[in-house]
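Enquirer: Next come the chains, spelled out residue by residue.
There are 2 protein chains.
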Amino acid sequence: MNEVPASIRLIPLPGLPEVEPKTDLAALIKDAAHAAGIPLAGNIVVVCQKIVSKAEGRLVPLESIDPGEEAREIAAAHDRDPRQVQIVLDESRRVVRRGNGVLITETRHGFVCANAGVDLSNAPGEDIAVLLPIDPDASARRLYEALSEPDAPTPVIITDTFGRPWRDGLVDVALGSAGLAPIRDDRGSRDRAGRELLVTQPATADQLAAAAGLLMLKSAGIPVVVVEGFPIEGDGGVRQILRDPATDLFR
Amino acid sequence: MNEVPASIRLIPLPGLPEVEPKTDLAALIKDAAHAAGIPLAGNIVVVCQKIVSKAEGRLVPLESIDPGEEAREIAAAHDRDPRQVQIVLDESRRVVRRGNGVLITETRHGFVCANAGVDLSNAPGEDIAVLLPIDPDASARRLYEALSEPDAPTPVIITDTFGRPWRDGLVDVALGSAGLAPIRDDRGSRDRAGRELLVTQPATADQLAAAAGLLMLKSAGIPVVVVEGFPIEGDGGVRQILRDPATDLFR
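If you're matching them up, the sequences are chains A and B in order.
Last residue of the first sequence: 250 in numbering that gives the first Met the number 0, with the numbers rising by one and none dropped.
Last residue of the second sequence: 250 in numbering that gives the first Met the number 0, with the numbers rising by one and none dropped.
The hints are simulated quantities; they were obtained by calculation from the structure and are not laboratory data.
Because the structure is a prediction, the values reported are computed rather than measured.
We put the CB at the ideal spot given by N, CA and C, even for glycine.
Do not rely on the hints blindly, as some may be mistaken.
Selected chain B positions facing chain A (in silico; Cβ < 7 Å) [said to hold, decoys possible]: (1) Val3; (2) Ile7; (3) Arg96; (4) Trp165; (5) Ile182; (6) Gln200; (7) Ala202; (8) Ala209; (9) Ala210; (10) Ile221; (11) Ile240; (12) Thr246.
Next comes chain A alone, as it looks inside the complex (with noise of 0.2 Å):
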């Protein structure tokens, strides 16, 4: 992006109807894109991991679960039900921290963040979890590949809000990508007084992630923005900025 844009536009995409497993979310998303005159082609799509999961059918029901012992000790220690820490557990290689009433573990992905990623808010029933995507980067690119069409990429970023550390307050990030770069690098290229920038990687996916978030508010039932005349560049999953273990200062 040499050229700036004259400006980027976010729109809500409204009039999604309720997602069950198995919904076919691309064509959802194309009918309600199409019914309130939003274009998608070369429009980039932020996805609500919640409504992925739920098209994917990544649902538990509490009651199938046998919570072992360190999941009733941790329930207990921090007063919360030992079915759903059991199942943050499963889905977490690690935990990295506990306290509060919160339980911040890292992922099987490598995300870290509360709770897994599993959530009971707007499930379809009280008792079910809702678990994050096996493989966000493979879903983001299913819809990317439904979604666009012959020479009018529609690139496809799915979102949750996690929380961060030193800071009150959510924030959404990107958890898959595809059909554009999540980093953008800028080393090499040189600031308005010619010295070259070392540092300067913009993470454009989880700009745009936040970006969306402004408008996906969980009452509001948004699920779904379009983002419109920001430059497309490259192509790649989240996967590739997690951060090297080896590298990562905060391990």
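We have chain A already, so just place chain B on it with the hints.
Expert: Leaving out everything else, chain B in the frame of chain A:
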């Protein structure tokens, strides 16, 4: 925001001249917006900290610095300029992590970031360090008051690009804010199934910062972005979203 806006537009502000110490930044922004036909009334102005710091004269010539023993030791271990390290230490409460040539500290404000936000790129001369504003919330409030018209507020967010644990790449975050609530408290509201949402607190200021960051690529020289269409609520500084160390699992 119970009603969802039809869209949000992110508009880069072109035509800003180079900012010098004692520049009247609000006047520059007003003039540039007027020349470009971009209304400020009722919109949010997102400003890169670099030009705020320059206008406030937060510039330190490296030749004025006599590095102490700790700075020399750290600089030697990480192949850095000891004078720059001394400035970073002077701006910091504590060193959070060291390694891979990176020095992550907690600034006097309470931000955790690389090099206490001290930067050499885009500085007026090769040997000038640009420091963060002394009180970014106060800087934002001064701009907010100067940009707002009676009955037509123009909230202001001052941003910088930060790395983060566990993920590569940089995202823009809010350092200061005025004229809008930096965090939205949805606790007590209900999801679509009527269940209470317990912990949904979007960090609005940071989501806006990241959204604006999509247009603030350093090489493009766009330090101000106007956000149109986002419903403005509340008023507060970023300081209120810095996590209380007592409840922070990452201290």
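Enquirer: Each hint: holds or not?
Expert: Results of checking the hints against the structure:
1. Val3: Check passed: Cβ of Val3(B) comes within 5 Å of chain A, closer than 7 Å.
2. Ile7: Result: holds, 4 Å to nearest chain A Cβ.
3. Arg96: At 4 Å from the nearest chain A Cβ, Arg96(B) passes the 7 Å test, so the hint holds.
4. Trp165: holds (5 Å)
5. Ile182: holds (4 Å)
6. Gln200: holds (5 Å)
7. Ala202: holds (3 Å)
8. Ala209: holds (3 Å)
9. Ala210: holds (4 Å)
10. Ile221: holds (6 Å)
11. Ile240: holds (5 Å)
12. Thr246: Given a least distance of 6 Å, the restraint on Thr246(B) holds.
Hint compliance for this structure: every hint is met.
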